[in-house]
Amino acid sequence: MSNRTIINVSLFIISLILLIKIKDVFVSFDDYIYLNELFINYEGGFLRRGLLGQIALYIFKNFSVSPVTFFSVVFSSANIIFFYLFIKCINKFKSNIFLYLVLLLSPATLMFNIFDSANFFNSQIFILISILLHCFIALKYFNETNKYKKYFVFLIIPLLFLNIFQYDPQVITLSSHMLITYIVLSKELQKSYKFLYSYIFLLIPILSVILNNGSQEQITAFENMKEIVNYNYSFIINEHPESFSEIDTKDLRGNLNLKLGAMIKIFGIKFTYNHKVYLFLSIILAVIFFMFIFGYFISQKIYFINTRYKIAIISFIPLLSLFIFITDFGRSIHILLIHLLSFYFLFKIDKRKEKVFLKKINFFSKSFIVLSIIIYCNFWTLSHASGWVSVFNPSVPSYSKYSSYTNEFNKIFFNVYYYTDNYIINLPTAEFMKPYLKLE
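The numbering of the sequence shown is the numbering used here, which starts it at 1 and goes up by one.
Mixed in with the good hints, there may be bad ones.
Stated by the list, open to error - Derived lysine-lysine pairs resembling BS3-like cross-links, with alpha carbons at most 27 angstroms apart:
#, residue 1, residue 2
1, K23, K92
2, K92, K301
3, K187, K351
4, K411, K21
5, K353, K140
6, K359, K92
7, K401, K94
8, K23, K401
9, K88, K21
10, K21, K401
11, K359, K348
12, K348, K147
13, K149, K348
Just so you know, the hints here were simulated from the structure itself, not pulled from any lab data. Because the structure is a prediction, the values reported are computed rather than measured.
Could you put the whole structure together from the sequences, leaning on the hints where they help?
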């Protein structure tokens, strides 16, 4: 089988997995517990992470569109965009099929939002879209800086502006965006420093979030917002109380001191030895694993970039604070990984050296690499609650529905059978398949 065929089959399977997930969201929505934070809005006063909830409430009041439908459309679209941008960014590695497949199939990249149901409806997707879109534009217009600047000013900056209101950890990741801008404009060194001033515009949402956080006014606004949500969405909350039962948390009303205190409490008291091992394994398998792979190709001068690594290292230091503000550590790891990969995606490839390197890999080495990829992609899971749960077959928290490639392949087979049997031709039904064919 040719490399091109393997890649196309892999892309087809990945696309099917995403489409089946989206189909399940619309046909049999049962992810009500993930609506808690999404219901936050500005009706009681300004609250961080309230932008999308305000839009949902406005559309519900004026057009009678259920928030369940609204959020299903928004997050399904967002995940499609995320998949598309990630795949476009890794296209440059197609000639190195082993690296390409690891990037595509890793449980820590695209499958993070599929293998753990708690991730599909999380606002961190907008942070990931912003960095991948920025990376995609940088790759496309690397040698056309004027076009890059236009897209940056009229697309990236407005997107970051809105993202900060919806999911404030976006602020922590701005240094990675600055790094991309610096790399693209490095040929115009003096101008690149000046162009970085464009980020000053983002002080408006940053200050809005910082200055309206943890005050008594915020607590009052929070309580008013809860009453408004309970009144408007009573038809959902009465039937599914879990959709708004977790909203009364200190996390949404807290400030930096509370965050630091919570982090000390987690690592000093709540985290046992096993928890720390789980977290360490998650970081190794998700982040350090890719650092070693790209580090090897960089050391062989197959991948290279005309940027001082000191600047890159400094730009990633702020991202470590994600572990303070997002105590679902799997999400922190995922955000860190996608930003790190976006930096690696900007590296240029010495095609001649890469071709020579790949030709030197003998049959036994190729077989070992293929086996390693299969094991890596199938025998661990990056849960949103990494650290709190094991990376090997996690089963908690109870509201998370975990999956794997084996489960996703089963879904593909049963969906193909179901729709073929119902809409194309009658097929025989084996007893073991009956439970899976009860689709509404």
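Taking the hints in turn, this is what the structure says about them:
1. K23 with K92: violated (30 angstroms)
2. K92 with K301: holds (16 angstroms)
3. K187 with K351: holds (23 angstroms)
4. K411 with K21: holds (9 angstroms)
5. K353 with K140: holds (23 angstroms)
6. K359 with K92: Given that 27 angstroms is the threshold and the Cα spacing comes to 18 angstroms, the pair holds.
7. K401 with K94: violated (32 angstroms)
8. K23 with K401: Judged against 27 angstroms, a Cα distance of about 16 angstroms means the pair holds.
9. K88 with K21: Since the Cα atoms of K88 and K21 sit roughly 21 angstroms apart, the hinted pair holds (cutoff 27 angstroms).
10. K21 with K401: The hint holds at about 12 angstroms.
11. K359 with K348: holds (20 angstroms)
12. K348 with K147: Holds, at roughly 20 angstroms.
13. K149 with K348: holds (21 angstroms)
Checked against the numbered hints given earlier, the structure breaks hints 1 and 7 and satisfies all the rest.
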